[in-house]
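Novice: Once you have looked at the hints, place chain B on chain A.
Number of protein chains: 2
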Amino acid sequence: MSVSPLAVETPQEHLSLEALVTLLETIFLRHGTSAEVARSLAQNCAAAERDGAHSHGVFRIPGYVSTLKSGWVNGKAVPVVEDVAPAFVRVDAGNGFAQPALAAARALLVEKARHAGIAILAIRNSHHFAALWPDVEPFAEEGLVALSVVNSMTCVVPHGADRPLFGTNPIAFAAPQAAGDPIVFDLATSAIAHGDVQIAARKGERLPPGMGVDGLGQPTDDPKAILEGGALLPFGGHKGSALSMMVELLAAALTGGNFSFEFDWSNHPGAKTPWTGQLLIVIDPSKGAGQNFAERSQELIRQMHGVGLKRLPGDRRHRQREKSLREGVTLDVAELKQLRELAGL
Amino acid sequence: MSVSPLAVETPQEHLSLEALVTLLETIFLRHGTSAEVARSLAQNCAAAERDGAHSHGVFRIPGYVSTLKSGWVNGKAVPVVEDVAPAFVRVDAGNGFAQPALAAARALLVEKARHAGIAILAIRNSHHFAALWPDVEPFAEEGLVALSVVNSMTCVVPHGADRPLFGTNPIAFAAPQAAGDPIVFDLATSAIAHGDVQIAARKGERLPPGMGVDGLGQPTDDPKAILEGGALLPFGGHKGSALSMMVELLAAALTGGNFSFEFDWSNHPGAKTPWTGQLLIVIDPSKGAGQNFAERSQELIRQMHGVGLKRLPGDRRHRQREKSLREGVTLDVAELKQLRELAGL
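Top to bottom, those sequences are chains A and B. Position one of the first sequence corresponds to residue 5 (the numbering used here), numbered consecutively onward. Position one of the second sequence corresponds to residue 5 (the numbering used here), numbered consecutively onward.
FYI, nobody ran anything at the bench for these hints, they're computed from the structure. We put the CB at the ideal spot given by N, CA and C, even for glycine. Each hint should be verified, as a subset may be incorrect.
Said to hold, decoys possible - DSBU-like cross-link-like pairs, simulated, lysine-lysine; straight-line CA separation at most 35 Å: (1) A:Lys276 with A:Lys207; (2) A:Lys276 with A:Lys327; (3) B:Lys228 with B:Lys207; (4) A:Lys228 with B:Lys276; (5) A:Lys276 with B:Lys341; (6) B:Lys341 with A:Lys314; (7) B:Lys276 with A:Lys314; (8) A:Lys314 with A:Lys228; (9) B:Lys341 with B:Lys80; (10) B:Lys207 with B:Lys314.
To be verified - Only some residues are given here: those of chain B computed to face chain A with a beta carbon under 10 Å: (11) Ala183; (12) Ala195; (13) Asp218; (14) Gly219; (15) Pro223; (16) Pro289; (17) Ser301; (18) Gly312.
Said to hold, decoys possible - Listing some non-contacts, in silico: residues in chain A with all C-beta distances to chain B over 10 Å: (19) Gly98; (20) Leu112; (21) Gly241.
Chain A extracted, bound-state conformation (with noise of 0.2 Å):
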């Protein structure tokens, strides 16, 4: 393997992904959560790094554990699935993590689908701190079509407003496809991710216009302005901004879980993690008429590639995928510190 010319500015190490799991199962379990919890958490964020998708990835170890050393949210909750109706299954979350409340009422919410042809999974009670297509992409891979919304906290402006109020309220979609990985995407109704935000600011990089305004409702190309009293802006103006709301509407009053601008976590310095709700939509696409779903999904993405698309959403996570399982996860050597010492190894 060639030394790439970053790896000359910031040396860097590889690390195989069943490693990288075990490390961050390692700080979960020694902030304070149960053995269910970490593993849950360990497997999304490695995921993510290991798919390239740094800024839910190991980007948030750190706040992770100052989250659980807050107090503000449960790490051993043990989440309450309670079903419904023939396609309506609940959670609650017990103030703990989303994805061992998606882990838990999955097999549940899968039957539904399948037999039901369509089945809803309501999280209430509950803190996402990580990417959404991990939630999403599972559900492909055996065949059914999966949508995801979150809410999260303030911070990004309703378009025609003056101060924020929603969050970055991803949506999250995938379906499968015949012969290649399931088509999924996973996009923040605000114009960037909260992430991306904190790692431009990090880098003491710029942001491209129309991404957030400063703390007195100006534009701001400044991520540290954005973050320090400033908000973001919805994506696509007055379309993100309703789509935004929609998330709000089906994450959290649907769920029964806080809005975005519900929460006080102002007792608990160093809390991160959003309080909310998530709603998964779950669908079984043999219900349909007509030729086998994946051929048709399969069928779309070659037309798009005929019109002279290059790439997908998903593929850049794909190629990256496949180099971090071949060569190992790259971390930067700084970093990979970092996480040791909060594994206290």
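Specialist: Just chain B, lined up with the frame of chain A:
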């Protein structure tokens, strides 16, 4: 009533909603639809005009008429409803319009949503030439949450591609609100609705930047250049493009309908209506935990006003609706004359 400044330039006439529906029904019947189809399309089109949604109001009537004359659509199609699973309904629209197909399946869809907590309606072999919000708003009026997507005809260049492939592929959403009109939005995933480009072209107006490209793929603000060999762009860059792709997958691949690029109307000069599919998802929010959904959605709206939002999605439509119901629907005299001619009056 005072004469508005506009009325001085363009002579206008007011028609009661009932009179407009009857006039439009007469037009549809005269051009070969069944009574059911005429009623369904007339109500839909008059509702758009009543709400000031001109690009989907009577402006569409000549397109409906030329399509019916061309033999492209079956104006007398009888939709076939299939009860596929506890929460899954399919309709073969029989090469007819989507609105009567929805009407035929609506009661079963609502029954399933109330019983199972969520239900899906997959309409295929259908033509949708109207606004999408009239399809979802009635669900919210009876306390349900509804989401619908419909694909259309190739006129949008996927982000990162050279040539058009997707339709304008709108997403519509409706949710009940305790004290007030339902929360409703209907957004094209293109940067601008096709009907608005047509209206700008007819008026000789330019478009804002970023809406479309000309026949050579170059950015243009000329609506005629977009309509004559050019194409639209998605809203919000790669994010809007991903949502447009999702609409193709849900409204066509999942229903068994055509993708926006699959139908060939070249043997039907005058045909304007895309022959695709439509998906609706209806959720019963009473199955969620916590407070009454409609009270929670009202709280969200209250908070949106609290951060300085003056106008919510749908506000302008509702104000125009009240005015139309009070004073009658306003139509240009020339427009009304054309409608009466089409009705043979």
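Novice: Hints first: check each against the structure and report whether it holds.
Specialist: The hints, checked one at a time:
1. A:Lys276 with A:Lys207: It holds: about 20 Å lies between the C-alpha atoms, which stays within 35 Å.
2. A:Lys276 with A:Lys327: holds, 31 Å
3. B:Lys228 with B:Lys207: Given pair Lys228 (chain B), Lys207 (chain B) holds - Cα atoms ~11 Å apart, limit 35 Å.
4. A:Lys228 with B:Lys276: Outside the cut-off at roughly 51 Å; violated.
5. A:Lys276 with B:Lys341: Violated, at roughly 63 Å.
6. B:Lys341 with A:Lys314: violated, 50 Å
7. B:Lys276 with A:Lys314: holds, 31 Å
8. A:Lys314 with A:Lys228: Between Lys314 (chain A) and Lys228 (chain A) the Cα gap is close to 34 Å, so the pair holds against 35 Å.
9. B:Lys341 with B:Lys80: The given pair, whose Cα atoms are some 27 Å apart, holds under the 35 Å limit.
10. B:Lys207 with B:Lys314: holds, 29 Å
11. Ala183: Violated - the Cβ of Ala183 (chain B) stays beyond 10 Å from chain A, reaching only about 15 Å at its closest.
12. Ala195: holds, 8 Å
13. Asp218: violated, 16 Å
14. Gly219: This hint is violated: Gly219 (chain B) lies away from chain A, its Cβ roughly 15 Å from the closest one there, beyond 10 Å.
15. Pro223: violated, 16 Å
16. Pro289: Given a least distance of 5 Å, the restraint on Pro289 (chain B) holds.
17. Ser301: holds, 5 Å
18. Gly312: Holds: closest Cβ of chain A sits about 3 Å from Gly312 (chain B), inside 10 Å.
19. Gly98: Gly98 (chain A) clear of chain B: closest Cβ-Cβ about 13 Å, beyond 10 Å.
20. Leu112: holds, 13 Å
21. Gly241: violated, 8 Å
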